[in-house]
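In order, the protein sequences belong to chains A and B. Residues are numbered in this note's numbering as their position in the first sequence, beginning at 1, plus a constant of 599. Residues are numbered in this note's numbering as their position in the second sequence, beginning at 1, plus a constant of 36.
Keep in mind that the hints were calculated from the coordinates and are not lab data. Take these hints with a grain of salt, some might be off.
So the derived list for chain B, only partly shown, Cβ under 10 Å to chain A, looks like this [stated by the list, open to error]: (1) Thr-78; (2) Gly-109; (3) Val-118; (4) Ser-119; (5) Pro-122; (6) Pro-139; (7) Arg-201; (8) Arg-206; (9) Pro-208.
Every residue, glycine too, gets a C-beta built ideally from N, C-alpha and C.
Take a look at the letters that make up each chain.
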Amino acid sequence: MNRSINLCVFLLACTATTLLMAETPSRSAEKLREWWWPPGDGRVFPAYVEYDNELGRLGIVNANGPIETAGHPFFEPLGTNGRACVSCHQPADGMSLSVASIRQIWEATNGTDPIFAPIDGMNCPNLPPGDPASHSLLLERGLFRIALPWPPIGDDGQPIEPEFTLEVVRDPTGCNTDPVYGIDGERREISVYRRPRPAANLRYVVSTRFGVSPFIGKTGMLAAVDPETGLPVNMNMMADAREPTLKTQAQSAARTHMEVAKPLTPEQLEKIREFELQLYAAQVYSNGAGRLDEPDGPSGLGPRALERGQDGVLGNNTTRYVIPMENKWANLPEGDTPEERERNAFRESVQRGHDVFFFRTFWIRDAMHINTVGLGNPAKRTCATCHGMHMTGMDTANGWMDLGTTNHPWALEPPEDPWAKKLPELPLFKITCREDLPPHPFYGRVIYTQDPGRALISGKCEDVGAIVMQQFRGLAARAPYFSNGSAATLRELVDFYDRRFNMRLTEQERIDLVNFLSVL
Amino acid sequence: MTGRAHRGAVLLLLISSAAQAAPAPGERISFVSCPIVRDTRTVPCWLAEYDGETYYLTIQTDVSAPVTPPMLGHLVLVEGVVSDAPRICGGIVLEPVRLSVMPEIDANCNTLLPADERYTIDFNPRPPGPSAGRLAFAPNPSGQPEPRPALEGPQTVDVYFDFDRGVSFRHPSDLMSIVRIARDLPARRVRITGVRGAHLLSDGTLLRESAGVGQRRAEEVARLLRGAGLEVEPEIDWIDGEAEADGIDDWRSRRVTVVLFPD
Chain A
600 MNRSINLCVF
610 LLACTATTLL
620 MAETPSRSAE
630 KLREWWWPPG
640 DGRVFPAYVE
650 YDNELGRLGI
660 VNANGPIETA
670 GHPFFEPLGT
680 NGRACVSCHQ
690 PADGMSLSVA
700 SIRQIWEATN
710 GTDPIFAPID
720 GMNCPNLPPG
730 DPASHSLLLE
740 RGLFRIALPW
750 PPIGDDGQPI
760 EPEFTLEVVR
770 DPTGCNTDPV
780 YGIDGERREI
790 SVYRRPRPAA
800 NLRYVVSTRF
810 GVSPFIGKTG
820 MLAAVDPETG
830 LPVNMNMMAD
840 AREPTLKTQA
850 QSAARTHMEV
860 AKPLTPEQLE
870 KIREFELQLY
880 AAQVYSNGAG
890 RLDEPDGPSG
900 LGPRALERGQ
910 DGVLGNNTTR
920 YVIPMENKWA
930 NLPEGDTPEE
940 RERNAFRESV
950 QRGHDVFFFR
960 TFWIRDAMHI
970 NTVGLGNPAK
980 RTCATCHGMH
990 MTGMDTANGW
1000 MDLGTTNHPW
1010 ALEPPEDPWA
1020 KKLPELPLFK
1030 ITCREDLPPH
1040 PFYGRVIYTQ
1050 DPGRALISGK
1060 CEDVGAIVMQ
1070 QFRGLAARAP
1080 YFSNGSAATL
1090 RELVDFYDRR
1100 FNMRLTEQER
1110 IDLVNFLSVL
Chain B
37 MTGRAHRGAV
47 LLLLISSAAQ
57 AAPAPGERIS
67 FVSCPIVRDT
77 RTVPCWLAEY
87 DGETYYLTIQ
97 TDVSAPVTPP
107 MLGHLVLVEG
117 VVSDAPRICG
127 GIVLEPVRLS
137 VMPEIDANCN
147 TLLPADERYT
157 IDFNPRPPGP
167 SAGRLAFAPN
177 PSGQPEPRPA
187 LEGPQTVDVY
197 FDFDRGVSFR
207 HPSDLMSIVR
217 IARDLPARRV
227 RITGVRGAHL
237 LSDGTLLRES
247 AGVGQRRAEE
257 VARLLRGAGL
267 EVEPEIDWID
277 GEAEADGIDD
287 WRSRRVTVVL
297 FPD
């Protein structure tokens, strides 16, 4: 893990931007100061920077130029618990937060860094702080506690009557049955546990150029609106799309994660939004494939590709690929040196992984909001059917779908037997849908879930376990994956799909897919 | 077999045109059965069996197609007209055809047949992988909104639903056009009538939707229109569509009718 790369080795392949860069901060604990951004640190955020990760290096383009972070609301600890936005959205981690970083910070600070604040950096605020067991979900899976009102509150401030009842079947964190924090407690909240989502490339994430109308394309329900303009938004942010805009998102992040005493000012919100919309992050160097942003290389790789790219474009995968590679890494020459041979072989694997992603069909079955929107169940399609948007691999507007990551029987659950070494870590809820309404088309009227996802906001039975898909960028920098952190590595993510959809991927296809995802 | 013969005899007494072995082109047919998937070298075919015959329903396309495939795990209500087109994937072609997934889960509907050299799709379907840009829901090429005719007098819009279901992915454009008409007319009064659908199936059965569905649909449409900016408070009522069930396009009874009055 402690792998400081000598830049000069790559100078020949370096682009101009890299030459301007000082040095790649190594991701070791000893060099913590170089890559970890503590709140209120006051450093200048450069126009371009690269950070080491296990699989290579991530590049970040700060398109509007260097930023004085002193006084900047994304970087300052504005709340009462010492956190800033950057605490959980670390540049080195693709503006998310990897579990590896979380552990390093735990070690380095003895668990005192503000990311471990009781409010959501512990399994439940009622536990003793500083004990690793109290923070196990964060330390082991990179999960923060997300507390949401239950029953949900509509945009008009009135409670929504859910189409289902919700019971706590299992409460390993103690939070959902707590007299204060529990569902029937003083606060009337439900606690679910989720990964931070990348706060970069957000121009793509919030784009309204495709499929945005007053009615949600996949359900016909009313789309959320931007409270400032009254216009509909794309509902592609947060695991459950509960926040309509970057500003409402920042306001609520400040209130919940940062425990601010008073709301952020309009100026602060605008500054955060502006910063987020011009920030691009992607893997820029791969240990296997070398530089990813060579001028004559695949045009969709590296952070500059995101800076240049158009948002709100649905990939059609003949003229407009989701991740354009132009077959540049197909049929490469064998190479003259051992290094070149190895690099070319890896590049060809990436290209094959790309082809698996776009062309390799399998039966997509029982996935709510994809099999129910005109494709039929099952549908013989590919990874790119769900992951269709140019450059980010997100879905088109309103990106929530039930992949099964949080619902039984697909969700990761340790085996229940007397010899089990590991006990279940996440809560389990039993959802019972109303008898007088149509059942969930794939689960029926009783659903067991670790996180009801969108249903916690909409109150709809059909939304149970539907999660908004994340963008695909900077994956190498921010393991584990999926909203509930259930895939520790890219290989586990690929293996999940193989199980879920009985894909029967060959070993080579799995390796190729992982290599493809690792260079994004 | 005897069970079916017996039921057939009873049905003969009920209706004159009881289902026969080989349906003639032009014949209307409606039934509820399990859908069947037949894989092919390209995209899967969707079939259903009724009364000893196999019918071709549709192929896998995409969200924008006029007919979209049903779901394994559920029965499908098929309402179609027998065509004289050559069989596709071994099934008699129904054209036009209307398909509605039945809401309750039926685990018996689980037949996925492998590709078979005898069944090929000789037209050019939207492929299972890249769409080659042939997504029918791509924005209209001119980028200009379609010209809208001047509106005069009361305007009626019918919105059709799947069996027992409310608003879904099929409805954003219907709802948008109602919002637009309300604004352009402009509507001073709006009446929304939800209908509980009923179907006379080919075997003589009367298949009705659940009791509250007409009211639920009317209220849901009213709520969505209000949310999208409809300014007048709509009048809401609901009726039973049983009288409309005659075996001819009975899917039209699963609807909400919105009438917009300029005065």
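Could you tell me which of the numbered hints above are not met by this structure, giving the numbers in increasing order?
Per hint list: 3, 4, 5 violated.
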